[in-house]
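Asks: Sequence order for the protein chains is B and X. If you count by my numbering, then the first sequence holds residues 4 to 79, one letter each, in order. If you count by my numbering, then the second sequence holds residues 6 to 308, one letter each, in order.
The hints are simulated quantities; they were obtained by calculation from the structure and are not laboratory data. Glycine included, C-beta positions come from ideal geometry on N, C-alpha and C. Take the hints with a grain of salt, since some may be wrong.
[To be verified] According to the in silico footprint, chain B covers these stretches of chain X (three or more CB under 8 angstroms from chain B): (1) 52-58; (2) 101-111; (3) 121-129.
[To be verified] Here are the simulated DSSO-like pairs of lysine-lysine, each with C-alpha atoms no more than 27 angstroms apart in a straight line: (4) Lys10(B) - Lys131(X); (5) Lys292(X) - Lys214(X); (6) Lys214(X) - Lys63(B); (7) Lys63(B) - Lys219(X); (8) Lys292(X) - Lys252(X); (9) Lys292(X) - Lys249(X); (10) Lys10(B) - Lys25(B); (11) Lys214(X) - Lys114(X); (12) Lys63(B) - Lys114(X); (13) Lys63(B) - Lys23(B); (14) Lys262(X) - Lys292(X); (15) Lys131(X) - Lys70(X); (16) Lys78(B) - Lys214(X); (17) Lys86(X) - Lys9(X); (18) Lys95(X) - Lys9(X); (19) Lys219(X) - Lys131(X); (20) Lys114(X) - Lys71(X); (21) Lys70(X) - Lys9(X); (22) Lys63(B) - Lys78(B); (23) Lys76(B) - Lys131(X); (24) Lys32(B) - Lys252(X).
[Stated by the list, open to error] Derived list of chain B stretches under chain X, where covered just means 3 residues or more per stretch with a C-beta under 8 angstroms from a C-beta of chain X: (25) 38-44; (26) 56-62.
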Amino acid sequence: MDFERLKEIIVDTLACDEDKVKPEADLIKDLEIDSLSLVELHMALEDELGVSIPDGEIGKLHTVQDVYDYLQKAKA
Amino acid sequence: MEKKRLNEILGIRYPIIQGGMANIASGEFAAVCSEAGALGLIGSGGIRSAEELRRQIHILRERTKKPFGVNLMLMNPETEKMVDIVCEEKVPVVTTGAGNPGAYMERFKAAGILVIPVVAAPILAKHLERIGADAVIAEGCESGGHIGEMTTMTLIPQTVDAVDIPVIAAGGIADHRQMQAVLTLGACGAQIGTALLAAEECPIHENYKEAVLKAQGSDTIVTGRIGGTPVRVLKNQMSREYVKREKAGEDRMELEKFTLGSLRRAVFEGDTKNGSLMAGQSCGQLKEIRPVAEILAEICRGI
């Protein structure tokens, strides 16, 4: 998955402003993600990649870059 | 194929789970509810040590051989040890609230426990089904205590459509009309909390019971909306003051201090002015104190 696709999924699930989705953006502070939106994003990423992401892992990801890096590893 | 009702799934008489109300749902009360034909739940919220939970399980088992469950409040600092205890004790059913039970799922499954998380949104139900929940309790914001945003009317059909596992409705169900309604919406049964506050056997202070009976359906208020932990309680001096301070932008820690121990004050001391009298909007329908068995029979009349 490239960064643009991740950005698309984030904008889609969080209904947030596209310009805000930068690598350094913090999910909570900048994108104002709440716990239910996080679940939505979690499931959208699982569907996209066809892998299961443990609940404990998703909580460790803070920025958009963290999510991107995690997905690169998960896919490999 | 006709969907199975909750009573068939659990091997009990009525399609009802008794809500695992913190500080209220003791082993003794849960035993009464199981004996009367519902699934009695011991509420772990308010239980301070894991060993106390074990003691409550033993108290229940001395009084009934019928199926029962434990509600685990996942925010409880003793959760880790309590998970061990429900597994060791082979508790038949665990319901979970205030968090995501994902991290404990494997241990529950290995102990043969039926896991039924409480959810307030269809998306969470979908996620929990994916990680192995056996059913979900979808709780609308009509209910008492900690609540979400969606109403039972919208939450139940959307959750039923989102998952293949059974959905149990909660929030606003206190008589046979509402039970019929949630079955129509696709639920397989209901969890009942508020209606059981008015039970003869319910171990809350008489003043609390009186306040619930006196309350109109419009006499509840939601505290903590701004801070992100909404809780539905009866309007009284304390809850009104809380909401006022919250609107004025008072610091969360200060507000927390203000409510510290308030549920215990209501349940055990009967302090109706400064206690937190948790109750759902169905309080407006409750007119008299009756035995649990009568309340359950009335809710299931005609279904």
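Asks: Each hint needs a verdict: does it hold in this structure or not?
Replies: Status of the hints after comparison with the structure:
1. Only residues whose C-beta sits within less than 8 angstroms of a C-beta in chain B count toward coverage, and the segment 52-58 of chain X has 0 of them, not enough to reach three; the restraint is violated.
2. Coverage of the segment 101-111 of chain X by chain B holds [criterion: at least 3 residues with CB-CB distance below 8 angstroms; count 3].
3. Residues of the segment 121-129 of chain X lying with their CB closer than 8 angstroms to a CB of chain B number 3, which satisfies the three-residue condition for coverage.
4. This hinted pair checks out: Lys10(B) and Lys131(X) have alpha carbons roughly 23 angstroms apart, not beyond 27 angstroms.
5. With a C-alpha separation of about 11 angstroms, the suggested pairing of Lys292(X) with Lys214(X) holds against the 27 angstroms cut-off.
6. Only pairs whose Cα atoms come within 27 angstroms are accepted, and Lys214(X) paired with Lys63(B) is rejected, the gap being roughly 44 angstroms.
7. With a C-alpha separation of about 48 angstroms, the suggested pairing of Lys63(B) with Lys219(X) is violated against the 27 angstroms cut-off.
8. A hinted pair counts as satisfied when its Cα atoms are at most 27 angstroms apart, and Lys292(X) with Lys252(X) does not qualify at roughly 33 angstroms.
9. For the proposed pair Lys292(X) and Lys249(X), the alpha carbon gap of about 30 angstroms is over 27 angstroms, so the pair is violated.
10. Simply put, Lys10(B) and Lys25(B) have alpha-carbon atoms about 8 angstroms apart, close enough for the 27 angstroms limit, and the pair holds.
11. A threshold of 27 angstroms between alpha carbons decides the hint, and for Lys214(X) with Lys114(X) the separation of about 38 angstroms lies outside it, so the pair is violated.
12. For the hint pairing Lys63(B) with Lys114(X), the CA-to-CA distance comes to about 25 angstroms; that is within 27 angstroms, so the pair holds.
13. A C-alpha spacing of about 21 angstroms is found between Lys63(B) and Lys23(B), which places the hinted pair at or below 27 angstroms, so the restraint holds.
14. Among the hinted pairs, Lys262(X) with Lys292(X) is inconsistent with the structure: their alpha-carbon atoms are about 34 angstroms apart, more than 27 angstroms.
15. About 33 angstroms separates the Cα atoms of Lys131(X) and Lys70(X), which puts this hinted pair outside 27 angstroms; it is violated.
16. The straight-line distance between the Cα atoms of Lys78(B) and Lys214(X) is roughly 56 angstroms, outside the 27 angstroms bound, and the hint therefore fails.
17. For the suggested pair Lys86(X) and Lys9(X), the alpha carbons sit about 34 angstroms apart, so the restraint of at most 27 angstroms is broken.
18. Between Lys95(X) and Lys9(X) the CA atoms are separated by roughly 24 angstroms; this keeps the pair inside 27 angstroms, and the hint holds.
19. Restraint check: the Cα-Cα separation between Lys219(X) and Lys131(X) comes to about 39 angstroms, which exceeds 27 angstroms; the hinted pair is violated.
20. Taking the CA atoms of Lys114(X) and Lys71(X), the gap is about 21 angstroms. The hint holds against a cut of 27 angstroms.
21. Taking the CA atoms of Lys70(X) and Lys9(X), the gap is near 23 angstroms; set against the 27 angstroms cutoff, the hint holds.
22. Taking the CA atoms of Lys63(B) and Lys78(B), the gap is near 18 angstroms; set against the 27 angstroms cutoff, the hint holds.
23. For a cut-off of 27 angstroms, the pair hint linking Lys76(B) to Lys131(X) stands: about 25 angstroms separates their Cα positions.
24. The hinted pair formed by Lys32(B) and Lys252(X) meets the criterion: a straight-line CA distance of about 22 angstroms does not exceed 27 angstroms.
25. Evaluation of the coverage hint for the segment 38-44 of chain B: fulfilled, as 3 residues show C-beta separations to chain X shorter than 8 angstroms, against a requirement of three.
26. Coverage of the segment 56-62 of chain B by chain X holds. Counting CB-CB distances below 8 angstroms, 3 residues qualify, and the rule asks for three or more.
Hint compliance for this structure: hints 1, 6, 7, 8, 9, 11, 14, 15, 16, 17 and 19 are not met, and every other hint is.
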